[in-house]
Amino acid sequence: MSTTVACPACAVRNRVPDVAAGTPRCARCKAPLPWVVDARPGDFDRFTNSPVPVLVDFWAPWCGPCRMVGPAVEAAATALAGQLEVVKVNVDEMPDVAAAYGVQGIPTLLLLRAGAVLGRQVGATTGLALQSWLSTRLAVTAA
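Under the working numbering, think of the first position of the sequence shown as -6, with each following residue one higher.
No lab work stands behind these hints: they were computed from the structure.
From a predicted model like this one, the values you see are computed outputs, not experimental measurements.
Virtual Cβ for every residue (Gly too), placed ideally from N, Cα, C.
Any given hint could be a false lead.
Computed spacing ranges between beta-carbons, pair by pair [as the list claims (entries may be wrong)]:
1. Pro54 <-> Thr(-4): 14 to 20 Å
2. Tyr94 <-> Trp55: 18 to 24 Å
3. Ala132 <-> Ala(-1): 24 to 30 Å
All chains should be modelled from the sequences, with the hints used to inform the complete structure.
As structure tokens, this is what we get:
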């Protein structure tokens, strides 16, 4: 499966695969593309083997704070294109995945690398706070 996204650099629409060996780039200008995937039951494990860190957004459609955090998560995917993959997990559809990672409240954001949890953010947060949290965690993993 794939998602269509506009390139932040040149606005060309590109298809971005759910799973890839590298990171998605624009077909025209070669800029890194935001990589946001909606996980479906049975396919979550495919995303944890990404070549880049994975931000997992545990959310539900009925959750007001989740809807508040959603735009910040997508903005982070755009700002950190090429450095981060975002996987959105609807806890109503995938309670087993949420339980496996000890998610007890939503929204919960986990930063994973090769399946290992590098960081956890529980509750609603602002876009700036999320960017700061991610930048700190990503700097530690790069070192």
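A quick look at each hint next to the structure:
1. Pro54 <-> Thr(-4): 14 to 20 Å: Holds, at about 18 Å.
2. Tyr94 <-> Trp55: 18 to 24 Å: 20 Å, holds
3. Ala132 <-> Ala(-1): 24 to 30 Å: Once the Cβ atoms are compared, 28 Å apart, the range 24 to 30 Å for Ala(-1) and Ala132 holds.
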